[in-house]
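A.B. asks: Sequence:
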Amino acid sequence: MACCGKSPSTCPIGPHAGWWHRVRKTSATRVSVSIAADQRWRFAAFYFSYYAALGAYTPYIGRWVDSEGFSGYVVGAMLALWYGSRVLSPPLWAWAIARSNRPGYVLVAGCAISLLAFAGFTVTHTVFSLIAVMAIFGLFFNAVMPQFEAMTLTALGANANEYGRIRLWGSIGFLLVAGSYGALMDRLGDASFPWLGLPLLAATVWAASLHRRDPAPEHVPHAADAGHLWRRPGVRRFLIVALLMQMGFGPFYVFYTLNLQAHGHSGLAVGSLWAIGVLAEIALFWVAPQLIARFGAPRLLSLSLAVTITRWLLVALFADSFALMMLAQTSHALGFAMFHACNMRLMSEYFPGRRAASGQSLLYGFSSGIGGVLGAVFAALAWSRGGGAAAFILAALITLAAWLIYARRRPVAIV
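For any residue, its number in my numbering is found by taking its place in the sequence shown, counting from 1, and adding 59.
Just so you know, these hints were derived from the structure itself, not from any lab. Each hint should be verified, as a subset may be incorrect.
Stated by the list, open to error - Distance windows between CB atoms, simulated: (1) Pro274 with Met385: 41 to 49 Å; (2) Met385 with Leu317: 17 to 25 Å; (3) Arg161 with Leu440: 32 to 40 Å; (4) Phe354 with Arg246: 17 to 25 Å; (5) Phe354 with Leu243: 19 to 27 Å; (6) Ser380 with Gly445: 14 to 22 Å; (7) Arg161 with Arg122: 34 to 42 Å; (8) Leu243 with Val186: 20 to 28 Å; (9) Leu317 with Leu243: 18 to 26 Å; (10) Ser443 with Trp345: 33 to 41 Å; (11) Val186 with Met385: 39 to 47 Å; (12) Gln320 with Gly128: 19 to 27 Å; (13) Gly323 with Leu440: 24 to 32 Å.
None of these values were measured; they are calculated from a predicted model. Virtual Cβ for every residue (Gly too), placed ideally from N, Cα, C.
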């Protein structure tokens with residue numbers, strides 16, 4: 060047999076050229092692997108820089124606004140704008156992406172405008188200017204990630220299970236920055252907040268530029284449009300579950316630190332618990348491909364909901380125990396990382412090809428946007444009436460509703 064698996068007489072490069080054919084095949088294989096590695100590095104770089112910037116923003120924006128002398132109502136208005144922009148901006152961005160043959164250039168533009176908008180925080184001195192800068196920054200910064208998630212899933216194609224190993228670099232970036240910027244602000248003063256964030260946002264522009272020539276997703280002739288897919292029972296159920304899961308995280312994002320402090324935990328202990336959660340998240344993202352391939356995304360998504368119910372009950376009832384809080388934070392691996400990895404796997408099936416950007420904007424706006432706003436509002440109401448116990452019991456009940464809804468799902472064929 061010749062090197063290509065055919066008989067010598069039918070080998071396309073001749074019966075005596077087997078060694079050359081083998082060299083060509085080996086070289087082609089190496090080039091293919093090299094291109095795949097290059098793509099993964101580029102995608103990991105953007106996740107790292109984007110979530111590093113988010114790690115500078117999310118934990119410390121409230122501290123900076125308070126230090127500038129603005130009231131709690133201003134902080135609340137900024138929070139509403141932040142989550143509200145997740146509802147409005149992704150669909151508009153998806154519309155622009157769908158009409159572009161070079162989505163990478165749109166990604167660069169979004170990151171560049173985010174950088175310029177964030178620079179406005181260095182000169183804001185009134186409530187109006189602060190809110191205006193926040194609105195522009197939120198609209199563009201929250202728009203680019205759904206687009207990039209779609210680009211990532213498109214690049215992975217049939218290997219969507221590998222998403223977790225790329226996304227984990229975002230968690231690493233968030234961990235490194237969120238864990239260090241508090242100390243930097245202690246040393247440099249709270250007024251340093253916008254200046255510390257600017258280099259990280261500049262890094263997102265650089266990372267986005269690595270994707271400026273990425274092709275648009277291939278058109279899938281038989282893929283339904285986003286509106287039609289939304290009307291399918293399987294998609295509706297999936298998005299409602301994602302919304303409820305995000306609502307359940309409302310008390311965690313808004314009051315987790317305050318709840319721990321109210322139960323006597325030191326600042327070092329609180330920081331350690333946050334770090335444990337992110338480290339568990341990173342570890343889970345690394346093994347997510349094997350777990351999804353073995354057990355399937357639907358089964359693991361159901362498990363993550365069940366684990367999250369238990370987590371919120373632990374926080375509600377045993378916040379005095381540092382050991383149990385460590386256990387609860389370790390479950391962040393299944394409650395957040397696995398849920399997110401399974402979401403991305405299912406999204407690649409529900410919204411293939413050119414529909415990926417529309418699907419991501421729908422998921423992002425529906426869960427992170429509407430779910431984020433509702434979660435923060437209900438968390439605040441529960442906190443005002445019953446403190447941390449009431450807030451996290453409410454979180455457990457909301458997540459239980461999500462689990463019950465998802466448990467009644469029926470398999471839906473995606474064509």
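A.B. asks: For a quick check of understanding: which of the numbered hints are violated here, in increasing order?
C.D. replies: Numbers 3, 4, 5, in rising order.
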